[in-house]
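A.B. asks: Taken in order, these protein sequences are the chains called A and B. Numbering-wise, the numbering used here puts 52 at position 13 of the first sequence, and it's gapless, one number per residue. Numbering-wise, the numbering used here puts 235 at position 234 of the second sequence, and it's gapless, one number per residue.
Derived by calculation from the structure, the hints in this document are not laboratory data. Mixed in with the good hints there might be a few duds.
Partial list, derived from the structure: chain B residues whose beta carbon lies under 8 angstroms from chain A [said to hold, decoys possible]:
#, residue
1, 81
2, 84
3, 149
Note that the Cβ used here is the ideal one computed from N, Cα and C, for glycine as well.
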Amino acid sequence: MTQASNTAMLAPPPRRRGWLPAGLGPATPALVLLTLFFVVPVVSLLLRSVLEPSPGLGNYAELLGSSTYLRVFLNTFLVSGLVTTVSLLIGFPVAWTLAIMPGRWARIVFAILLLSMWTNLLARTYAWMVLLQRTGIVNKTLINLGLIDQPLTLVNNLVGVTIGMVYIMLPFVILPLYGVIRRIDPSILQAAALCGATKGQALRRILLPLAAPGMAAGGLMVFVMSLGYFVTPALLGGTNNMMLAELIAQFVQSLVNWGMGSAAAFVLLVATLALYAVQLRLFGTSQMGGR
Amino acid sequence: MTAPYLHIRGIRKDYGSVTAVENVDLEIRRGEFMTFLGPSGSGKSTTLYILAGFQDPTAGDILLEGKSLLQTPSHLRQIGMVFQRYTLFPHLTVAENIGFPLKVRRKGRAEIDAKVRDMLRLVRLEGFEDRKPADMSGGQQQRVALARALAYDPPVLLMDEPLSALDKKLREEIQVEIRRIHQETEVTILYVTHDQEEALRLSDRIAVFSKGVIDQVGTGPELYANPATRFVAEFIGDSDFLTCSVLSSDGRTADVRLGSDFVVPGVPVHGGGGGRSAGALLLRPERISLHRHQPAEAGTLPVTVGGLTFLGSNVHVAATTGWGEPVAVRLPFGHGAIEGLSRGDTVWLGFDPRATHVFC
């Protein structure tokens, strides 16, 4: 943002060139790309959802009126909420540890985090399938330790989806949280201690409120990404907890019902944008992506 | 003499093989304003942080009214602190910041409100209750930090260079405030600074830190008139040092020789043994008299004027001795002896040997 305004300031005195607002000239390629590959498909999607098979809001009525589809919506939000919560619960202590760790160690942990992000998504999901199955290493270890008698069902259900997705989403929570926590002056926490605050009070009254923008940014990113997630729920989830992306895929691939698929996709888009608007409203733009 | 209120006893702190402070021993009276003065890295902040409980000493103890504090974690030490950087909680208002220590102690709403009002009056920030720290100047923020540190009536207040981020004028203004608040609250203050003027302005006593040890403890005038080490002499006030050789010494005073034949008798001597050895003679630039013609009495040192610098109320005369050492003299503006004085003139410097010191 600052960069854009800097360029505007450095530019020669405004000589208006037709229809583009001043300073947008250099953005032209990106704008063309966005229009061609984002705006046009989204509009055509919207049109398909209200035109196929017959003009009207029939697709939406069916989608939102049927209890089957509603269960998919509900399940999508449930899984996303669960994944977001668990990611934040695990991510916060990790980000905090990274922030106070000596730089050399922090770099190693970051390398591990990024390496996992760069590994193929399918490979990672299949790896979890192997690990979590009835005869997988997780169950075997638990049985050998004598913690359980019977193998736990860890795949093809909510547990499997949550584990698999939290694993994939963690970096998206940790990175923004780390950025926010790093900017908190450690002497603020020392001041809190000398004011008489216990560790718990300092965490609750000082650290968490100060880290809230990072939690919101990371949490929202994870929630939104989870809403539209396909691969992991499809592979690790069961038939009972289908998510919206799976439903869309089914409409388009199996049922070749572009109207319903488009309508579902559009509902997802609107939900995402609404959440984004809430975030902007609460925290403004500055904290969204970090600096 | 009763037992000291706060006793820092033989504190030592090692970081690996590096010793940050050593043998720090201080007795502080209740209500005293004690300043730790020294350059950065001299161990003064480390000592303060040990008092705050952020660091544990390698050896030694800290006793408050005879009871050791070392086993008490920071949040139970009941010590207030104002930091060098602004450490107000950015998401809380001024009133919430000041009330924070009371809130975490689960005090009632009415008590907190009353105390916050008192504190705001004390630091003269009435009407700022609902401001956020980001909307205030650095000086105002530090005053709020002071109010927050004093809100729960701590017996001891630590201040770690609280004014170093402020400009000179504001600094002096807040120094006056700190002095007044100290008198009003009678809190015991331990204050860290590297600014000798600030130390002299504020403190009852000053502990001069150098390379991890305390060189000397005393009131400002004591340190100035009777510096125990060359470092203290350099740090408090302005100073000229001339290399000299010690001709004879009885351990308290010595006869010293400057250059090849200028003998100064009866100079208070610090450190070193008797016999012939090299030393440094301390002169205070403002206690040297300047004569345009060689006076009748002996004991004046001829020097060549190098230049004059006008410093407002004072004029600084830079000169060089016959053997090439620089020496500075400070005279009040308008003093007769500097009228028409110019570069290259020879003048004679007079000083009382008893007011000088030799360090060896």
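A.B. asks: Under the constraints set out in the numbered hints, which ones does this structure not fulfil?
C.D. replies: Violated hints: none at all, because every hint is consistent with the structure.
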